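There are 2 protein chains.
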Amino acid sequence: MLTYDLSARGSTPRYEYLYRCLRRDILSGALASGARLPSKRALAEHLGVSVITVEAAYSQLVAEGCVESRPRRGYFVLARAMPGGFEPEPAASRPQPVWRLDLRSNRVDAALFPSGVWAKLTRRVLAENPDALLEGAPHEGLPELREAIAAYLRGYKGMAVSARQIVVGAGAEFLYLMLAQLFSGAAFALENPGYPKIRLAYSASGALCLPVELDAQGVNPGSLRRSGAGVLHISPAHQYPTGLVTPLPRRQELLRWAESTGGYIVEDDYDSELSYAPRPLPTLSSIDGAGRVIYVNTFSQTISPAIRIGYLVLPERLLDEWERRLGFYSCAVPSLEQHVLARFISGGGYERHLARLRKISRERRDSVLAAFAASPFAGRIEIAEPGAGLHFLMRVRTNQSDDALRSRAAELGLRLGFLSDYAFDARRVEQHTLVINCAGLDSERLKEAVSLLGRVLEDEIA
Amino acid sequence: MLTYDLSARGSTPRYEYLYRCLRRDILSGALASGARLPSKRALAEHLGVSVITVEAAYSQLVAEGCVESRPRRGYFVLARAMPGGFEPEPAASRPQPVWRLDLRSNRVDAALFPSGVWAKLTRRVLAENPDALLEGAPHEGLPELREAIAAYLRGYKGMAVSARQIVVGAGAEFLYLMLAQLFSGAAFALENPGYPKIRLAYSASGALCLPVELDAQGVNPGSLRRSGAGVLHISPAHQYPTGLVTPLPRRQELLRWAESTGGYIVEDDYDSELSYAPRPLPTLSSIDGAGRVIYVNTFSQTISPAIRIGYLVLPERLLDEWERRLGFYSCAVPSLEQHVLARFISGGGYERHLARLRKISRERRDSVLAAFAASPFAGRIEIAEPGAGLHFLMRVRTNQSDDALRSRAAELGLRLGFLSDYAFDARRVEQHTLVINCAGLDSERLKEAVSLLGRVLEDEIA
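So the protein lines, in turn, are chains A and B.
In this text, residue positions in the first sequence follow the numbering used here: the first is 1, and each later residue adds one.
In this text, residue positions in the second sequence follow the numbering used here: the first is 1001, and each later residue adds one.
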């Protein structure tokens, strides 16, 4: 059995120390590729720590790709990933599958974007301001764009922000990397289940990622406190994939956690623009009196994945620290796109586009719910969390595993997403819960979706 | 005196263990902000390690902004930088200076870029392929652009690369972050002196950065081996700021280091496009038979800082590993720019632009050297390393410190760069050596440069 002296950990948290010990032994080869790690319970008993401690350490190793979790078999060491020893497998051709229909992707339907308006603005910027091509932007983004974003947030979301708090970056993922660097050394608490890219980006940056459990109101404060994390990353407006909306009292409780521990909250508002709730709740950022919230949002979700522009709203207290530690980075968004987007927002084009997008999204979602309710499989499904947003959970009564359903769907060219895909540990999440994304389901594709889903669910009766 | 038990470090290198101990105590507050650290020699003796070990640990803390090196006074702890304790200073307004003339910036003169051609190509892409705005690119970049870059490297640099080895990213800094993640856990050996942003980007990603000394042929293999690094980042074609060109035998020696240790070399070819040497040496990447070299280059340097597009050439052996670990990132370069750049390269516009840029760069540089030789201060300067490229070193005979010269120049609106600005430890680099960048010196600005430099150097005689 693995033995580490946890009393030598100094002020390092137990899980982090254990994780570092395991990682060192994997990277050095002391734990060979393919070796099976002890079960969480066994190692916890052996070391005299809690199962949660072992789980946090294992989760981080899984997230970093050092260890693999195999359902019902346990945890296994993967090939070492460090220079000085790492020898990857020879390259094999792995063709990407082409899906007939993708219910897993949460990308907005790019066909809805007014590309003509954007192209016209681009031509206009080129004609009126040819230097836009050549002038580098300040590292935090073009002043015009930061002002346009701040005005949008003030007018549309009631956030009292100024342009100097805005940092423009090349998409949300890039900004996650910057936050990992700003808070280097801190452990990040992430929603479990949650959006996998968030965990991948923080983990790839070397941050320790800790799962926190959700209850009916969102992140559970007890689970958060027990995690010992310094930074919490959440999507209180519309959690992915559960669809949970965090009510105001819970938001205030999370803010109190940040204040009392000196922690920070990253509020990821990735799809609030598409929410059609009658009265959206105030953002955490706007009720944060103590400067503990960093707000993050992206235009890739509402405009097009081809235009990767995201932004942060930093609290005043972090402006100097950001400048001092990350001010050396150049702004990675081309100046041309920044000029065009600034005009698109300040000219009202963005709000018009969002209004149309919300209307169509709501219609699509209503059509999907109606079509599923009228389908042959209506009696075997239950729609959960049908709140505002473009995705919902659908529980299926079935005697098959998620993997069997997924494979059968894939044979038909249908890509399905399951709640278990979004969990730190798939084995601890309920099976048979699909995450249905409506974004791409126009009327034609919806018909196909009902037909294909019907075949997947039928099959398993036989 | 600080006491750490280095025998508890397991397989962690001494410098890394010491660095982690110090960092932990700084972040926890055990070492208070403002505290003076022991001298390197004293701590080395106390702990029974070499001065190099302490120096590597201190350098990393300085690079991360946890510790400050004050000339002739020593090393001091800076404010803590971690959530759960970190309280930054209140924001102060720090206006950026506006320079009358900047001899430190190595940015190419953007006015030389054919912005009309680029704008025309942009309009053409928008007209012929309006979907270019909407279609997201694969995470490694658009196939057209990767093919165009590969063809350029084959034709122009004689590199036998295929499009599948190319990864397009939002500028070189972004690609450094990706490399830090690909090689997470490895220590990075960096040229000392060298380009500060490279160290800042790797350090901010949590990588341990180790200085390796340069001799007349570039990176010293002995210093490299002693560093114990897993990855070496170098610019063999034209080192910044020394201007050193690494000759072929040394290149081969560095490749042997990588092969024998299982390490990797990041070959940063940032300004080889502007080299006007008659016969450029083959890149490390093209003489690397073992797949240990990652080639990196950028268009921000040759086109405009407003267009942040860089690329890597990965060796075949790393393609799968890259895909597996970093394939989740979206390509952060807008598809429109990728289409335009692909046409600019494959249509020959890029090569025509480079040819013109090289001619003008050479003329500017020759004019600068001639003007300095004919200046009143000609007798007090010595030009070093006048090889190919846009910058050179200039040694000045003076009785003033670099800081005094820098302040006096700043009063006149002249920004100067010194060799000591680029060193891990400024105290160990020779004083009075300026790094002169010619990129922006057209004939008018050159006259001003001579006049202002004359005043700076005159002053100090008095």
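Note that these hints are calculated values from the structure, not bench results.
Keep in mind that the hints are not guaranteed to be accurate.
Unchecked claim - Using C-beta positions, here's what the derived DEER-type ranges look like:
hint: 1; chain 1: A; residue 1: Arg-324; chain 2: B; residue 2: Glu-1323; range: 50 to 60 Å
hint: 2; chain 1: B; residue 1: Ala-1032; chain 2: A; residue 2: Met-1; range: 37 to 47 Å
hint: 3; chain 1: A; residue 1: Ala-160; chain 2: B; residue 2: Glu-1045; range: 52 to 62 Å
hint: 4; chain 1: A; residue 1: Ser-443; chain 2: B; residue 2: Asp-1131; range: 48 to 58 Å
hint: 5; chain 1: B; residue 1: Thr-1003; chain 2: A; residue 2: Asp-5; range: 16 to 26 Å
hint: 6; chain 1: B; residue 1: Asp-1403; chain 2: A; residue 2: Arg-324; range: 16 to 26 Å
hint: 7; chain 1: A; residue 1: Glu-68; chain 2: B; residue 2: Glu-1363; range: 30 to 40 Å
Claimed, not checked - Pairs of lysine to aspartate or glutamate, EDC-like flavour, derived with a Cα cap of 16 Å:
hint: 8; chain 1: B; residue 1: Lys-1120; chain 2: A; residue 2: Glu-128
hint: 9; chain 1: B; residue 1: Lys-1359; chain 2: B; residue 2: Asp-1109
hint: 10; chain 1: B; residue 1: Lys-1120; chain 2: A; residue 2: Asp-131
hint: 11; chain 1: B; residue 1: Lys-1157; chain 2: B; residue 2: Glu-1323
hint: 12; chain 1: A; residue 1: Lys-197; chain 2: A; residue 2: Asp-442
hint: 13; chain 1: A; residue 1: Lys-359; chain 2: A; residue 2: Asp-421
hint: 14; chain 1: A; residue 1: Lys-447; chain 2: A; residue 2: Asp-366
hint: 15; chain 1: A; residue 1: Lys-120; chain 2: B; residue 2: Asp-1109
hint: 16; chain 1: A; residue 1: Lys-447; chain 2: A; residue 2: Asp-102
hint: 17; chain 1: A; residue 1: Lys-120; chain 2: B; residue 2: Asp-1025
hint: 18; chain 1: B; residue 1: Lys-1197; chain 2: A; residue 2: Glu-323
hint: 19; chain 1: A; residue 1: Lys-197; chain 2: B; residue 2: Glu-1323
Just so you know, these numbers come straight off a predicted model, no measurement behind them.
C-beta atoms are modelled at their ideal positions from N, C-alpha and C, and glycine is treated no differently.
Cross-check of the supplied hints:
For the pair Arg-324 (chain A) and Glu-1323 (chain B), the beta carbons lie near 35 Å from each other, so the given range of 50 to 60 Å is not met. For the pair Ala-1032 (chain B) and Met-1 (chain A), the supplied restraint of 37 to 47 Å holds, since their beta-carbon distance comes to about 41 Å. Between Ala-160 (chain A) and Glu-1045 (chain B) the beta carbons are some 56 Å apart, a value that agrees with the proposed interval 52 to 62 Å. Taken as a hint, the range 48 to 58 Å is violated for the pair Ser-443 (chain A) and Asp-1131 (chain B), whose Cβ atoms sit roughly 22 Å apart.
The hinted range of 16 to 26 Å is satisfied by Thr-1003 (chain B) and Asp-5 (chain A), whose Cβ atoms lie roughly 19 Å apart. Range check, Asp-1403 (chain B) to Arg-324 (chain A): about 20 Å between beta-carbon atoms, so the 16 to 26 Å window is met. Range check, Glu-68 (chain A) to Glu-1363 (chain B): Cβ separation about 59 Å, and the 30 to 40 Å hint is violated. Proximity of Lys-1120 (chain B) to Glu-128 (chain A) is assessed by CA-CA distance (about 14 Å); at most 16 Å being required, the pair is judged to hold.
For the hint linking Lys-1359 (chain B) to Asp-1109 (chain B), the alpha-carbon distance of about 13 Å falls within 16 Å, and the restraint holds. This hinted pair checks out: Lys-1120 (chain B) and Asp-131 (chain A) have alpha carbons roughly 14 Å apart, not beyond 16 Å. For the suggested pair Lys-1157 (chain B) and Glu-1323 (chain B), the alpha carbons sit about 26 Å apart, so the restraint of at most 16 Å is broken. Taking the CA atoms of Lys-197 (chain A) and Asp-442 (chain A), the gap is about 27 Å. The hint is violated against a cut of 16 Å.
In summary, the hint linking Lys-359 (chain A) to Asp-421 (chain A) is not supported, as the alpha carbons are separated by about 29 Å, beyond the 16 Å threshold. Distance check on the hinted pair: Lys-447 (chain A) and Asp-366 (chain A) sit about 14 Å apart at the alpha-carbon level, within 16 Å; holds. Pair hint Lys-120 (chain A) plus Asp-1109 (chain B) does not hold up; C-alpha atoms about 29 Å apart against a cutoff of 16 Å. Annotation: proposed proximity of Lys-447 (chain A) to Asp-102 (chain A) holds, straight-line Cα distance about 13 Å (limit 16 Å).
Distance hint between Lys-120 (chain A) and Asp-1025 (chain B) is unfulfilled; the C-alpha atoms sit about 56 Å from each other, more than 16 Å. About 14 Å separates the Cα atoms of Lys-1197 (chain B) and Glu-323 (chain A), which keeps this hinted pair within 16 Å; it holds. Between Lys-197 (chain A) and Glu-1323 (chain B) the CA atoms are separated by roughly 14 Å; this keeps the pair inside 16 Å, and the hint holds.
In the structure shown, a violation is registered for the earlier hints numbered 1, 4, 7, 11, 12, 13, 15 and 17, in ascending order.
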